[in-house]
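Each chain sits in its own coordinate frame; assemble them with the hints.
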Amino acid sequence: EAGVAQSPRYKIIEKRQSVAFWCNPISGHATLYWYQQILGQGPKLLIQFQNNGVVDDSQLPKDRFSAERLKGVDSTLKIQPAKLEDSAVYLCASSLTTSVYNEQFFGPGTRLTVL
Amino acid sequence: ELKVEQNPLFLSMQEGKNYTIYCNYSTTSDRLYWYRQDPGKSLESLFVLLSNGAVKQEGRLMASLDTKARLSTLHITAAVHDLSATYFCAGPLNNNDMRFGAGTRLTVKP
Chain A
8 EAGVAQSPRY KIIEKRQSVA FWCNPISGHA TLYWYQQILG QGPKLLIQFQ NNGVVDDSQL
68 PKDRFSAERL KGVDSTLKIQ PAKLEDSAVY LCASSLTTSV YNEQFFGPGT RLTVL
Chain B
-3 ELKVEQNPLF LSMQEGKNYT IYCNYSTTSD RLYWYRQDPG KSLESLFVLL SNGAVKQEGR
57 LMASLDTKAR LSTLHITAAV HDLSATYFCA GPLNNNDMRF GAGTRLTVKP
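For the record, the sequence lines run as chains A and B.
Using our numbering, the letters of the first sequence correspond one by one to residues 8 to 122.
Using our numbering, the letters of the second sequence correspond one by one to residues -3 to 106.
In case anyone wonders, no lab produced these hints; they're calculated from the structure.
Virtual Cβ for every residue (Gly too), placed ideally from N, Cα, C.
Heads up, some of the hints might be wrong.
[Said to hold, decoys possible] Derived pair list, reagent style PhoX-like, types lysine-lysine, alpha-carbon separation capped at 20 Å: (1) B:Lys64 x B:Lys(-1); (2) B:Lys105 x B:Lys13; (3) A:Lys90 x A:Lys69; (4) A:Lys18 x B:Lys37; (5) A:Lys69 x A:Lys85; (6) A:Lys90 x A:Lys51; (7) A:Lys85 x A:Lys18; (8) A:Lys51 x B:Lys37; (9) A:Lys51 x B:Lys13.
[To be verified] Part of the chain B face toward chain A, derived, beta carbon under 7 Å: (10) Pro4; (11) Val44; (12) Phe96; (13) Gly97.
Just chain B, same shape as in the assembly (with noise of 0.2 Å):
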């Protein structure tokens, strides 16, 4: 069964500091996504990485997966306040069944 464990749970960093959120997966996917939700909100999607190796950028976040290593990272340039939120990874464990983590609590200080 696909376990997906994602690393911090929780994030509190000051603004214009750098930092990467990690998704580790158990078993082998092609696929791996990120999600953003605000507090009291839904999911808004982030990135879709499709292959080994995709990198993806979206302003100051960047988006990789690494399937060899069961690996995804979401690395977050220079924060802003406004990128507090909370993150999730999801992927496919088959089809459509879409195993989503934990969340990481991300919280941006002046």
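With the rest of the complex left out, here is chain A (with noise of 0.2 Å):
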């Protein structure tokens, strides 16, 4: 079974330059989520989806980040404008909302550099 996709693997900006991910789901996993990780830090959840719908945005910076699921499947992460302290991996994952265990599959990740 293929893993959570995700890309680019790598990005550096300059602060106040805009940024986008993109993340691909375990076919059949309704539910996904972005996480972010700060270097040293457990990863923090941004947003999460069940389906096309957000079922929590509440920790998600609404001012300079944004995130969609339009058609339920793929997921792009938007940032805009960043700053320096949006360094970080951003991670993400998702799990199958049936499954008696709701444990999350992560996907490897997208570097993040503010400069």
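Rendered as structure tokens:
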């Protein structure tokens, strides 16, 4: 079974620029998550989708971050404009909502450096 | 709000030794997860603990859950270098909202 795919793997931008990340979850997984992992910390949930609807975006800085999952499969996360403190690894994860384990499977992440 | 605390945050141990990583969480949770992360890599699921008293073992790692004490442990037996990584515990705040601990960076030295 193919895992969660993310691209790009690395991105370097200057502050105030815009950037977008893409995620393709495991086939059949209805729930998709975006996490931000700052160096030396655990991942922090930014947004959770159930199919194409937002379940939780309480920790998403909505003044600069946006995310969508228009067809309930792929998702994009955008930052506009980026700040220095946005430098982090952005992880996408997916899960089978019906699974009793509710286990999340993570993609390889996109490492963002804001200069 | 669910808070997840791990200790120690850094652990250096010699090969062949045993040690335990602790994960305390602040509110009632019926599930607890352990993940492993190698440097520059993503998170790999190790254990899913679903009920009080649950114990799971995989190789040299054993995880347990005590929901009454709000404590999970990850025990390492006879450590080997390949176990060097960062280990995270995580618990669901609600539905699928996962809250992660800060991680325990384990280094196993020969």
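Evaluated hints:
no.	hint	result
1	B:Lys64 x B:Lys(-1)	16 Å, holds
2	B:Lys105 x B:Lys13	10 Å, holds
3	A:Lys90 x A:Lys69	13 Å, holds
4	A:Lys18 x B:Lys37	16 Å, holds
5	A:Lys69 x A:Lys85	10 Å, holds
6	A:Lys90 x A:Lys51	17 Å, holds
7	A:Lys85 x A:Lys18	13 Å, holds
8	A:Lys51 x B:Lys37	16 Å, holds
9	A:Lys51 x B:Lys13	32 Å, violated
10	Pro4	14 Å, violated
11	Val44	5 Å, holds
12	Phe96	3 Å, holds
13	Gly97	6 Å, holds
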